[in-house]
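Colleague: Residue strings, one per chain:
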Amino acid sequence: MSYTRLVWRNLFRHPLRTLFTTLSIALSIFLVCAVLTLPAAMERIIARVGSSVRISVHHEAGLTYWLPFSYVHKVRAIPGVAAVNHFSWFGGIYDEPKNQFPNFGLDPDHVLAVWPDYKIDPRELARFKRIRNACLVGGATMRKFGWQVGQEITLRGTIFPVNLTLLIVGTIPEGAGNPLVLWFNREYLEEAMESQGGLRGVGMIWVRADAPEHVEGIMHEVNELFRNSEAQVTAETEKSFFMGFFGSFRTFMRLIMAVGVLVVGAVVLIAANTSAMGIRERIPEIAILKSLGFGRRPILLALLAESGTVALVGGLVGAGTAWGLFSALSRAGKTGYSQLLGPLGQFQMSSTVFAEGVSVALVVGLIAGFVPAWNGARLGVVEALRRLF
Amino acid sequence: MAIPLAYPVRSLLVRKWTSVFTAGGVALVVTATVLLLTLVGGLQRMLASSGEPNNVVVLRKGSTNDGVSQVTRDAALALRTMPGVARRADGEPLASFELVNQPFMITRGGGREIVLIRGVEPVAFDVHRAAHLVQGRMFRPHVGEVVVGVGVRGRYVGASLGGEIEFGRRTWKVVGVFDSGGKAFDSEIWADVADVQDDTRRSNYSGVRLTLDPGTDFGTLKQRIEGDGRFTLEAKPETDYYREQADTTQTLYVLVVTLAVIMAIGAVFGALNTMYAAVASRTAEIGTLRALGFGRGAILRSFLGESLVLAGAGFLAGSALAALGVLAVNTLLSGVQFSMMTFSVATVLLHLTPGSLLAGFVIAGLIGLVGGLAPAWRAARLRVVDALHRA
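Heads up: the sequence lines are chains A and B, in that order. With the first letter of the first sequence counted as 1, position 130 gets the number 129 in numbering that gives the first Met the number 0; the numbers rise by one all the way through. With the first letter of the second sequence counted as 1, position 16 gets the number 15 in numbering that gives the first Met the number 0; the numbers rise by one all the way through.
Only chain B is shown next, with the shape it has when bound in the complex (with noise of 0.2 Å):
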C-alpha cells in the first residue's frame, strides 16, 4: 500500500523555513549552472549559425582566419571567374572579396575595444545571404560610408543610423544598420573594401568568400582553388571555418559541467542534513505508520519523494531566476562581450536552450536523488517497536 503524496507535501510545508532554505539552495545551484550553460549555447548558436551550406572561405594556405590571411589581387580576379563559382540573376559572379581589419575603437563607456571591420563589395550581401539592411541604406564606394552590425548599434561613440565613427585614419559615416539574424557578422562593421584598403594602405584582400554553383560539388571546386599553381591558396567549407573557431567552446563546456558537479555535490550534503533531520523528528510517525500496515517499501518511497519534491521546487525556482538572469543579461548589458577568433570583441547573447534547462533538471534530480537516498533508507529501516518506543 502506497502513502499518499499527500504526505511528505504536507510535511515539507510543516517545517516550511527548512523547506525554503533547501529548496533555496538547490535553485542557486540550478541557476548557476543554467546561467553558463547560457553562455555556451549562445556561443555555439552564434558559431554553428555563421556559415552558410554551400558557402566556400578561400584564404591564404596555413591561414586559420581572415584576420591573418593575405590574397592577392590576381588571385581574387581568378577566382571569381572561376568555373562552379555561382551566379546572380544578373550574370555577377557570387565571390565577395573581403579585407578584414581590426583597429581600436571607443565604447560609449570609455573603454578602448578592438573591432572587426570587412570591407566589401555590395555582392557580400548576396552571398552572406542571411546579412540584410534593417535600416538606412547600402554605402556608397569611396566616400567613407559604411553600415553596422545590429550587435555594433549603440555600442560605439556615433555607431547608429546617421551617426559618424572613428576609427583607422579617419571618420567614418554610418548609413546603414544590418542583421544576420544572430551570426557573428552582427558584430562587424562593413565598409567599401576599396576604402578599407586606402585606410590600410593595403592593395590585397584577406580572402574571399564564393557561393557554390548548385550544379558543382565543392570537392572539384577546392581541386580547382588549391591547385592552381600560381596561387597558394586553401579553400574550405564556411561551415567548417566557424566550427573551427568554435573549438574553445569545447573548453568552455567542461568547465562549466566541472563547476555544477561541484555545485551539486555541496547542495546534495544540505539536502542530506534536512533529510535526516526530517526523519529524526518524525520517528514516531515513522513508527505509526509502520503499525498501520504501511511496508517498508512505502516509507522508503515517500521520504525519497519528499526530498525528490523539495528538490522540484528548487528546480523551478532556479529556472526562473536563470530565464530571469538571461533575460537582464542580454536587455540591460546587451549581451556578454567576448574575444574570440582573432582579436576583436564579439558580442554573445546568452541563449536558454531546453538542453541547459534539461541539465538544470537532472542536478536538481540528483540532489533530490542522493540527499534523499541514504535517509530515506534509514527511515524504512526503523523497527516499528523502536520507533513507537521513542514515541
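Just chain A, with the same shape it has in the complex (with noise of 0.2 Å):
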C-alpha cells in the first residue's frame, strides 16, 4: 500500500471526526478571512481613490480651519503643478437628518484637469460648467436615495444658513472616482450666501502633479509657501489625507485581530486534541509499522500529512465561503440592496486574503500535528508493542 494510500484511508478511519474538524477548521478561516478583509477593504479602497499624482493642501491645524481664496491662484503658479481645484465643504443634508453625505462646492473648469482618472462622462461635464445649478453625484450616493440624472433634489444646509436646490446632471462612475460625493458649482452657494455676509475662503485644494516626481517637491513649496502667513498649510498626498481619517481605527482593528488570533488559537487547540486522539489510538499500527522495518521520517510525514489534508481541505473550504459571501454581498450592493447592506456591499475580499486564509489553516495543521505525530513516531517497538499485548 503506497504512502498516499495508507493517509487516505486513514483519514477516513473515522469520517464523522475527520468531517467535524474539518468544518471546525473551515469555520475559523471563514471568520479569519471575514476580519482580515476589514482592514485590508479600507486599505484598498484609499489606495484606489488615493492617486500619486494628486496633492490635498489644507489649513495646518485642521479642516475646520478654512483658507483664504487667494491661495488657489498662488498655488496655481508653482512649477510642476499640472492643475488645481478647491474644495468648500457644504455639509448638506437630503431629507432626513440621518441622511449625510459628503457634498462640496467647487471649480467645474478644473474638474477634469484634476479628476481625469475619474473617467466622468464628457457630455454630463460640459452641462456641469454650463448649467448653474448642476451637480455631479458618485454611483453608490444615487443608489442610496434613489436619484436619477435630471432630477432636481434639495440639500438642506446645516454650516450656512441656506438651502440649495440642484440638477443633477451626472454620474461619478463607481469603481473609477469617490463614489459617495457630491459635486456643485462653488459660485451658486457664493450667490446663494450673497445676503448672508459672503462666503469667505476654501476648505481645500486640491492639486495634481505634471509627474509623480514632482510631487514631493510641491509640497515642500507649498508647505514654505504659506509659512508664517496668515493659514499656514499642511499638503500631503492624497493618499495620506485620507489614511489619517482611518487613523483612529488602528486601535479597533487591533482588537479585532486580536480576537482572530483567539479564533485560530482555539482552533489548533481542537485540531491538535483530534489529532493526538487519532493517533494514540493507533499507536499499536505504529508499532507493527515500526517492526515491519519503517523509520521514524515516513512514519511522522504520514501522520503529518494526515492532519495536513484535513486542514488544507478545511481552510479552503472556509476561505471559498467566505469569499463566495463576500462577492454575493458586493453583488447585492450593487443591484439595490445597498441601504440595507450598508458598507458590507463595499468590501470584497482579496485573492491575498484568500492566501492567507488557506496558509493559516496549513499552518494550524502542521503545529497541530505536530506534537502527537513526533510523538508517535519516536515511539520505541518494544514499549509499542508492549502496550499492544
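Misleading hints may appear alongside valid ones.
Derived lysine-lysine pairs resembling DSSO-like cross-links, with alpha carbons at most 27 Å apart [stated by the list, open to error]:
#1 Lys60/B - Lys97/A
#2 Lys60/B - Lys221/B
#3 Lys118/A - Lys289/A
#4 Lys235/B - Lys60/B
#5 Lys60/B - Lys143/A
#6 Lys143/A - Lys73/A
#7 Lys97/A - Lys143/A
#8 Lys73/A - Lys289/A
#9 Lys143/A - Lys118/A
#10 Lys235/B - Lys221/B
#11 Lys221/B - Lys97/A
#12 Lys97/A - Lys172/B
Cβ-to-Cβ under 10 Å is the rule here; a few derived chain B residues that face chain A [stated by the list, open to error]:
#13 Val19
#14 Ala26
#15 Thr30
#16 Glu233
#17 Ser280
#18 Leu291
Simulated DEER-style distance windows between Cβ atoms [said to hold, decoys possible]:
#19 Ala76/A - Ala327/B: 51 to 57 Å
#20 Gly109/B - Arg122/A: 45 to 51 Å
#21 His219/A - Arg72/B: 39 to 45 Å
Rather than coming from a laboratory, the hints here were simulated on the basis of the structure. By construction, the Cβ of each residue, glycine as well, lies at the ideal position given by its N, Cα and C atoms.
Could you fit the two chains together into a complex? Lean on the hints.
Modeller: See the structure below:
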C-alpha cells in the first residue's frame, strides 16, 4: 500500500471525526478571512482613491479652518503643478437629518484636469460647466437615495444658513472615482450666501502634479510658500490624507485582530486534540509498522500529511465560503440592497486574504499535528508492542 | 439510580490533555465573545450615560450633532432668557453657549487625530453637572487657557496639568483636568468660548445646552423654542441626543453576536470529537455500568454532565482571560479609540458587564450541551451484551 493510500485510508477511519475537524477549521478560517478583509478592504479603498499625483492642501490646524481664496491662484503658479481645484464643504443633508454624505462646492472648469482618472462622461461634464445649479453625484450616493440624472434635489444647509436646489446632470462612475461625493459649482453657493455675509475662503485645495517625481517638491514648495502667513498649511499626498481619517480605527482594528488570533488559537487546540486522539488510538499499528522496518521519518510524514490534508481542505472550504459570501454581498450591494447592507456591500475579499486564510489553516494543521505525530514516530517498538499485548 | 458526578469528573482527569485542549478551545471562544461584548458595553455606557435627564440640546433645525450646527448669537441670547430655563442660586440661567471645533492634534505617539474642542462659559460646569475639576482650576477667559478631560490627559503632546498644547492657530495652556465620570465629555477639551470663536473666526455658536426648570415640562419649552419665528431651531432631550449617536452600536452588536455564533459552532465540533472518542474508549465501562443496573437515562445524564463540566471549565478559564484582557486594554492602552459622532476621536473603556459574562456562559453551555448530546445518546443506546462483548 502506498503512503498516499495509507493517509487516505486513515482519514476515513473515523469519517465523522474527520468531518467535524474539517468543519471546525473551515469555520475558523472563514472568520479569519472575514476579519482580515476589513482592514484590507479599507486599505484598498484608500489605494484606489489615492492617486499618486494628487496632493491635498489644507489648513495646518484642521479641516474646520478655511484657507483664503487667493491661495488657489498662488498654488497654481508653482512649477510642476498641472491643475488645481478646491473644495468648500457644504455639509448639506437630503430629506432626513441622518442622511449625511459629503457634498462640496468646487470649480467645474478644473474638474477634468484634477480628476482625469474619475472617467466622468465628457457630455455630463460639459453640462456641469454650463448649468449654474448643476451637480455631479457619486454612483453609491445615487443608488442610496434612488436619484436619477435630470432630477432636481434640495440640500438643506446645516453649517450655511441656506438651502441649495441642485440639478443632477451626471454620475461619478463607481470603481473609478469617489462613489460617495456630490459636487456642485461653488459660485452657486457664493450667490446664495451674498445676502448672508458672503463666503470666505475655501476648505481645501487639490493639486495635481504633472509627474509623480514632482510631488515631493510641490508639497515642500506649498508648505514653504505659506509659512508664517495668515494660514499655515499642510500639503500631503491624497493617500496620506485619507489614511488620516482611518487612523483612529487602528486600536479598534487591533482588537478585532486579537479576536482573530484567539479564534486561530481555539482551532489549533481543537485540531491538535483530534490528531492526538487519532494517533493514540493507532499506537499498535504504528508499532507494527515499525517492527516491519519503517523508519521514523516516513511515519512522521504520513501522520503529518494526514493532519495537513484535513487542515488544507478545511482552509479551502472556509476561505472559499468567505470569498463566495463577500462576492454575493458586493453583488447584492450593486443591485439595490445597498441601503440595507451599508458598508458590508463595499467589501470585497482580495486573493491575498484568500491565500492568507489557506496558509493559516495549513500552519494550524502542521502545528496541531506535529507534537502528536512526533511522539508517535518516536515510539519505541518494544514499548509500543508492550502496550499492544 | 444516578451515576455519581465523580465518575465523569474523574474520567476527564484521566484523559487530562484531551480535556485541557477541549476546554481550552471553549475558553478561547468565550474570551473572544466576552471581549467584544465589553467593547459594545463600553460604548453603550458612554453614550447612554452622557445625557442628563433634564437637559435640553438646542441646535439648528436638521442638525444631528453640534459639529454641524450653527446658532446665532441673537438666538442664543433669546434662549437664555426664555421662561422654562432653570436658574442657578445666584440667578444665572443654566444655559450653556457652546461652540464645537474639531482641529488636529498630535498624539504622543506622533499620530494625527481630530479632537473635539468645546468652547464654553463657566456655567457649563453647572449645566453638565457630572463634569467637575479633579486637578487645577477653571480657565480664565481671553487668555488661551483650557481644561482637559481625563481621557485626553496624557494622550497628546503637553496634555497634562501645567502643560502647553497646540491646536488651531495658537498654543494653549492646560490649567485644569476635569472628569465627567465616563461620559463622552471625558474625551474633550474645554476652552473659553470667546477664545474658540476667535480661533475659528466665527461669531456664532454650535448650539446651546439648557437645564429645564423643574416646574416646566419639556414639551412646553420645545414648543416655545421651535415656534419662535425669528429662528430655525430644534430642541431635544439630551438623553435622546446621545441615544441617537449610539445607533452605530446596534450594528456592532449584531456583528459581535454573529461572530460568537460562528465561533461557537466551530467549538461544538471540537467537543463532539472529544465526547465521541470518550464514549468509544469507554464502551466496556458503559457496559459494566449498565450490567450493574444503571439505566439508559443515567448513562445519558452522566456523559452529558461530562461535556457540561468540560464546557464549564472552559467558561471559567475564558472569563478569567477576558477579564485580564479588559484590564490590559484599559490600563496599558488606556482604552480603545473610536471615531464616532462627527469625526473626532473618543476613548472608550472596555466595560465588563454581567450581561457579557452571561453571554459567555450561554455560549459555553450551548457548546457543552450540543457537543455532548449526540455522543451521550450513543452511549445510552449501547446494548449491554454488545458493550460487554467488545470488552
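Colleague: Please go over all the hints and tell whether each is borne out by the structure.
Modeller: Status of the hints after comparison with the structure:
1. Taking the CA atoms of Lys60/B and Lys97/A, the gap is about 12 Å. The hint holds against a cut of 27 Å.
2. Distance check on the hinted pair: Lys60/B and Lys221/B sit about 12 Å apart at the alpha-carbon level, within 27 Å; holds.
3. A C-alpha spacing of about 69 Å is found between Lys118/A and Lys289/A, which places the hinted pair above 27 Å, so the restraint is violated.
4. At roughly 11 Å between alpha-carbon atoms, Lys235/B and Lys60/B fall within 27 Å of each other, so this suggested pair holds.
5. Among the hinted pairs, Lys60/B with Lys143/A is consistent with the structure: their alpha-carbon atoms are about 23 Å apart, no more than 27 Å.
6. For the hint linking Lys143/A to Lys73/A, the alpha-carbon distance of about 38 Å lies beyond 27 Å, and the restraint is violated.
7. For the proposed pair Lys97/A and Lys143/A, the alpha carbon gap of about 13 Å is at most 27 Å, so the pair holds.
8. Between Lys73/A and Lys289/A the CA atoms are separated by roughly 84 Å; this puts the pair beyond 27 Å, and the hint is violated.
9. A C-alpha spacing of about 21 Å is found between Lys143/A and Lys118/A, which places the hinted pair at or below 27 Å, so the restraint holds.
10. Restraint check for Lys235/B and Lys221/B: the C-alpha separation of about 7 Å stays at or below 27 Å, so the hint holds.
11. Restraint check for Lys221/B and Lys97/A: satisfied, since their Cα atoms lie roughly 21 Å apart, inside the 27 Å limit.
12. For the suggested pair Lys97/A and Lys172/B, the alpha carbons sit about 37 Å apart, so the restraint of at most 27 Å is broken.
13. The beta carbon of Val19/B comes within 9 Å of a beta carbon in chain A, closer than 10 Å, and the hint placing it at the interface holds.
14. The criterion of a C-beta within 10 Å of any C-beta in chain A is met by Ala26/B, whose closest approach is roughly 8 Å, and the hint holds.
15. For Thr30/B, the interface hint holds, the least distance from its beta-carbon to any beta-carbon of chain A being 6 Å, beneath 10 Å.
16. Proximity of Glu233/B to chain A holds as hinted, the smallest CB-CB distance being about 9 Å (cut-off 10 Å).
17. At about 8 Å, the closest approach between the beta carbon of Ser280/B and any beta carbon in chain A falls short of 10 Å, and the interface hint on this residue holds.
18. The closest approach between the C-beta of Leu291/B and any C-beta of chain A is roughly 27 Å, which is over the 10 Å cut-off, so the hint fails.
19. For the pair Ala76/A and Ala327/B, the beta carbons lie near 54 Å from each other, so the given range of 51 to 57 Å is met.
20. Checked against the given bound of 45 to 51 Å, the beta carbons of Gly109/B and Arg122/A, roughly 47 Å apart, stay inside it.
21. Distance hint check: the CB atoms of His219/A and Arg72/B are about 42 Å apart, consistent with the given range 39 to 45 Å.
This entry does not satisfy hints 3, 6, 8, 12, 18, going by the numbered hints stated previously.
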